[in-house]
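Chemist: So you can see what is in the structure, the chains are spelled out below.
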Amino acid sequence: MSDQHEAPLASALHEEESAPPIPENSAGFLPIETNWFDRLFISVVIWIALSLFWFRFLEPAGLSIWISNAIALVVAFIIIRKG
Amino acid sequence: MQSKRLGWILLAPTLVILFFFGVLPFIYVVYVSFHQWNPFAVNPEMVFNGADNFRQIVFDPAFLKSVGVTVMFVIFAVLSELILGYVLAQAFMRDFPGKAIFRTIHTLPLIMAPIIVGSVWKLMTTPSIGIIPHFLDEWFGITMNIGTSAPAAFATVVIMDIWHWTPLVTLTLIAALVSLPPDPFEQAQIDGANKRQIFWHITLPMIAPAVVATVFIRLMDALRTVDEVWMLTGGGPGSATRFVGVHIFKEVFPKTNYGYGSTISVIVLYLTIVACWLLYVTMLAPRSKKD
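If you're matching them up, the sequences are chains A and B in order. For what it's worth, the numbering used here labels the leading residue of the first sequence as 1, then goes sequentially. For what it's worth, the numbering used here labels the leading residue of the second sequence as 84, then goes sequentially.
Quick caveat, the hints were computed from the structure, so don't treat them as lab data. Honestly, I wouldn't trust all of these hints.
[Unchecked claim] Examples of chain B residues lying across from chain A (beta carbon under 8 Å, computed): (1) Ala134; (2) Phe137; (3) Arg138; (4) Val141; (5) Tyr353; (6) Val357; (7) Val364; (8) Ala368; (9) Pro369.
[Unchecked claim] Per label pair, the in silico range of CB-to-CB distance: (10) Arg56(A) with Thr339(B): 25 to 31 Å; (11) Pro288(B) with Phe41(A): 25 to 31 Å; (12) Arg56(A) with Gly90(B): 42 to 48 Å; (13) Ala70(A) with Ala95(B): 37 to 43 Å; (14) Arg56(A) with Leu352(B): 56 to 62 Å; (15) Ile100(B) with Ala70(A): 35 to 41 Å; (16) Lys338(B) with Ala70(A): 31 to 37 Å.
A virtual CB, placed ideally from N, CA and C, is assigned to each residue, including glycine.
Same shape as in the complex, but just chain A:
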């Protein structure tokens, strides 16, 4: 009697165990749950926005675009590691 009741539970447990593990999402300083690809995406979005801002306002003042790229790289590193 008890075996009959436990059988479906056992098979469900087995299915759960064999299912691929869900990637762990981070709870860093970003206000939303993210995985590493989300954080990479956010970094690319910021990099492009910063580059366009730099072209418009700071490059005419003599600041090279490479400074913007370096800042974007640092920001990307921080977001991907701690975001």
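Go by the hints and put chain B onto chain A.
Modeler: Just chain B, lined up with the frame of chain A:
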């Protein structure tokens, strides 16, 4: 393992088509955006010019104006379609005489090609022969000429878009409303909730994924509108309806400036992705639990 392989086999045709018709053209456009390229010039070769096209775009007043006009168009059109679509979806959830016929007629604009919609609206708004200027003049004494009045042209384009695409919003919202379980609504009514409370606290949160998906589709479509507007106003008068899609068309085809046109396309794609992502984050993304 077997089911995993079967899954990949079933997905393969879609992935192959997506790669050749989606990913490859995108990579090619990004590649071209870093070049100066006019295939019909004396020198038809692609010349790599680094990020010069991107430097040019942030100072291009025509492009910046077109982005502003497009954003205004998207806000007015998509918001109106969403509100009107929801009202119509709620109306279609009730029974009334002639509902089936009305629903069929209401869905008809969806099956029309945008270029046909543009030409029909052109006929309807041409001052000497159009039905709209005729009745506006006869009933209200208003002279309407979308060839000379920028606000009239812009408003007409927005109304045309609403007329064309509201049925899509209605259909998706009907599907969302039909799938809602009745229990929460009955419980809320028993607890004495009024219609406004039920809408804000039950209906809207439950249909939010469908609303966001619909707004995604409409947002992406509205940001790349070309054919309807090209047919109706040609981007005029002046630059009143020169949306980014029309701007790209004018840059690429009449001017044959393929490199710069690709740059604008990449930036518009960037803006579209960012807008959709922000919408997703504000409406649906799970909040991080830090405490």
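Chemist: Which of the listed hints are broken here?
Modeler: 14
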